[in-house]
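The residues making up each chain are set out below.
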Amino acid sequence: MAFQAEAAGAVSALLDRPRRPRRRIVLRPNLVIGGILVLLLILGATFASLLSPYPPDQMKPMIRLQPPSLEHPFGTDIFGRDMYSRVLHGARIALRMSILSVLLAAIPGVWMGMLAGYHRGWGERLLSRVMDAWLSFPGLLLAIVFVARLGPSLNTTVIALGVVGIPSFYRMARSGTISTSHMLYVEAARASGVSNTRILLRHILPNLASPLIVLLTMRIGTMLLAAGGLSFIGLGAQPPLPEWGALLAAGRDHLDTAWWLALAPGMAFTLSVMGFNLLGDGLRDLLARE
Amino acid sequence: MRTLRYLALLALVLIMAGCGAAPQAATTPVVQPTTAATEVAAATSAATSEATVEATVEATTEPTEVATEPVMGGTVTRAITAEPTSLDPHAAPGSGQNIILPYIFETLIFRDMDNTYKPYLAKSWEISEDGLSVTFVLRDDVIFHDRTPLNAEAVVFTFNRFKDAKTSAGEGLAMMTGVEAVDEYTVRFTFSAPSAVFFSTLVTPYASIVSPTAVAAAGDAFGQQPVGTGPFKLAEWQQGTAVVLERNSDYAWAPETISNAGAPYIDNVVFKVIPDAATQLAALQAGEVDLIFVNSPNHISKLKEDSSVQMIETQMNSMIYLGFNLAKTPLDDVKVRQALSHAINKDEIQMAALNGMGEVAFAPMAPTLPGFDPSLKDLELGYDPAKATELLTEAGFAPGPDGTMTKDDQPLNFVLLTFARAPNEDVATLIQNQLKAIGVNVEIQQFDTATAAKAATEGQFHLILWRYDRNDADVLNVNLHSDRIGSSNRFGYSNPAVDALLDQAAQELDEVKRAALYVEAQKLIMPDAPWQPLYIPVDVLAISKRVEGFHLASMGRILLQDAQVVAP
Amino acid sequence: MFGYLLKRLISAALVLVAVSILVFALLNVIPGDVAQTLAGDSASQEQIAAKRRELGLDRPLPVRYLEFAQGVVHGDLGKSAISGRPVSTLLMERFGATVNLALAALALAVFFGLLAGTIAALRAGGYVDLLVMMFTTLGESLPSFWFSLLLIQFFALHLGWLPVLGAGTLAHLVLPAISLALPAIALIARMVRGCLLDVKNADFVRTAHAKGLSHFAVWREHIFRNAILPVITMLGLYLGNLLGGAFIIETIFAWPGLGRLVVQAIFDRDFPVVIGAVLLIALIYQVLNILVDLAHAWFDPRVGTEAM
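Protein chains in written order, with the numbering used here: chain A, 1 to 290; chain B, 1 to 568; chain C, 1 to 308.
Among the hints, a few may not be true.
Simulated coverage check for chain B against chain A, where a stretch passes if three residues somewhere in it have a Cβ under 8 Å from a Cβ of chain A [what the hints assert, rightly or not]:
no.	region
1	86–92
2	224–234
3	291–300
4	416–429
Everything labelled a hint here was simulated from the structure, so no lab data went into it. Where a beta carbon is used, it is the ideal one built from N, C-alpha and C, also for glycine.
Chain A on its own, in the form it takes in the complex (with noise of 0.2 Å):
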């Protein structure tokens, strides 16, 4: 799980580089890119079920692992379940799974740094050295031991990476507030006796949106990979959700037999986890430039 790396870099690629001089703003590739396969994926989800030929959870045991058809453009499983529909249908619990875990991170995670950030002092401190220690802890651990409490299922595997996320937001929201809370404007606000809570939401948050859209269209992308991760081997998704690391899971035993099985949710995950590196990616240089 590199995604805590990840995040450090979208954060300093736009607080600690040097102002870049303005230049024309172009549309580049990985803008358009990541958009088109994100926008894919958006479609894909939202109107999975008008979209599938079949009930994703539909056995058919007489047509057990066909390989792709023109009735059954990915084949099917050992079930005889249709794998273009559950690939679709794995679409709307990837991008649901991904979001809210990210927002689940990043909304605490951002709001205790903004507090952190404005306040410093030994509060902050204190803060900073529990969210370091958060950090170093392996996140797979805390993934086990939510899984262990609360069982395994979709809500879990939400809950644990949500918690696990939490300080490179604390991080970034920290420092981006440290670099604005002494600009002029959050002073003048401060001496005309503007409440903290609304100096925070209306003058700091605003400044932040640009790295915080950055870093969340990031941590989309790696957030399905360890959601993929997690059901892998067994700690997410519960049968029969087509969630694709099952899915993939489930084709481990087939790469030379039935190879469509592992084939095409690892495309769709890598297609999708790439759309929105893509389009953080373009995201970050199009509003550094700004």
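Could you slot chains B and C onto chain A? The hints should help.
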């Protein structure tokens, strides 16, 4: 100054690269994956649900005639799923150790392919008339790896230690009140009541005889430095990677089923820790290991096409069953349990989840255990969805708005608990689908073994997809006797008439009478439907053809004294 | 500088204390304990309770924590509840293999990341740039748990070039290291590219060019050195993740690393091992953090130690 810093960075990178490379060369493992034979301890290691893991191998391979000079030397490598935490036979039964123990240690007696008991370290034995004492006469030519002679003292020491350890493997000694040395090579066990499970406990690797001097010398570390009388002894334990055994050149007391009474021909047996089943398969195909134990039907199908591998189907004394938690309403209603049982299509499970392998089960006792009777088939609650719906209706359920069977606004939503191991997930998925057809919703919860066992013991389930591996018919006592509610009777099943029969069977030393008692017990159990027996799993040993001459023994062991590595 | 280091060390120690409390509390939340594992599956509740008393697990959490903390202060991490072997020994046995794999992955990631990032930056905006960045992003987006299986199928089984599993020779390292390095290559390449472009356009570089420094000298002296800082920051975090979080890859390749040790320990409920391993991982993390900060100070004297 700047250049200096730049150089420092370069140096740092180089040093790191260097650190990365140098130690690897240093830690090259001794494990040279080459050839060889191996043994099957039925051991399903990490994921098994029962304490005693034994298997009965049905197939046999002919030991190669050793008319010509045997091929000496070579290494046999076997994959194990989990690294044992200890090789002390009396430590808590855990992952992997029961596979390795029988090579290092030996037991008083062993069970032959025809389920009879044969002499091993004991030459002969005698049961007293009242069944309250058993006397063994030991071989007088056996020494431990540390050259301590095997004598009655060692056996007394071993069994006191085993009983004091209070592990679940030692449950079969519950009736044992004492063990004493009659003379140098004679040992007598005494019992408070006749104990039918005593002998089946004796043949487990947990009843292995340990060297008293080695135990005294090693103390707590005995599990890391095991000393037994077996044909192999521990050479090296590469933590996290492999356990390496080497030939015990003093060995000269192989049981009569082995042609080579002396030390094994091969030099080493290596147990490689490979947690992932798919990786084990790949390692076998790549020739990096010689023997793997296969659970996954998909892997079995795949290996059948590989001409360099010999497949040996072992049928363990095991069963996969669907258990019901009687402590949860409405599963306390026998009609509901019968309805659910009738909704299960075992043929479909065998076809889709098992690739047509395995054997459909109908009675709680596995066919290889005493107390199995084909006539029990008549009592099976077979696949009959119409009957299932009818029984649910009788129990007061009617389809709710979404088609789910509902009673008093309570829809039938069940949690199905199972542990993560192929093909449990596929079987659970099918059960979910089959119950859906009669309007019952199932949520599958698949956990790692430890968590699943905990949830099972605490009764956090409605339905449980579980497995037993046990080498004795007392599997019914362990699982369905009401005394065991709260521990191994996870189903909350209680029937006084069944309890009486099970108690009687536990004290019956006559195998035939004992089996009849178990048949009677099953006739009462089956209509109560605490379980729906699903299938007898096929566990396959895949062995590289480079290994010849191994013996398959009962309880799934592969004995390697005769094994030769015939190809480099 | 020395004062700063001292401060960082104290704070790292505090973090470790926080981690130990955190892990103690968390493990208390997880259902099941080692008494259950040791007593076996068919043990009764009384047997388990007896085992628990025997192991001292029935005492209150703070008492057990203080006892543990006392041991740690004396350099004793305790013993595995299952095998009875010292936790420090268990950790040392795995540490070497873990470091080997992590450094191999890091070396691969740094080499290809720098290469790809530099090529992309030199050809910024062109097709080569696009191709390189797409390719590395693809690598980053592949689920490594799936890709590693393909690697085994192809390189170990189909071609037979590399061993499937195990540790020991350099050949054993290749496949797991690639699996672990792939996601990081794109991160490094992207960052290197971005930083190089940023720095190239920065004032001081133009000044340097104006001073008449050679192209190469400008790159080496100014651009590269400034670009390296965020990369170092990221690498520190990445390495930290590799040391503790490579469980899936370690499992697939049967690599005897820390990740597998700790996950097995948590499945066995062998908490002393879990705690020891988590502390070790956290310690490595803190050390890496400090090294990264020192590297910042070293490479960029403008970064005052105060600001960190």
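- Item | Hints that the structure is at odds with (numbers, increasing) | The structure breaks hints 1 and 2; every other hint is satisfied.
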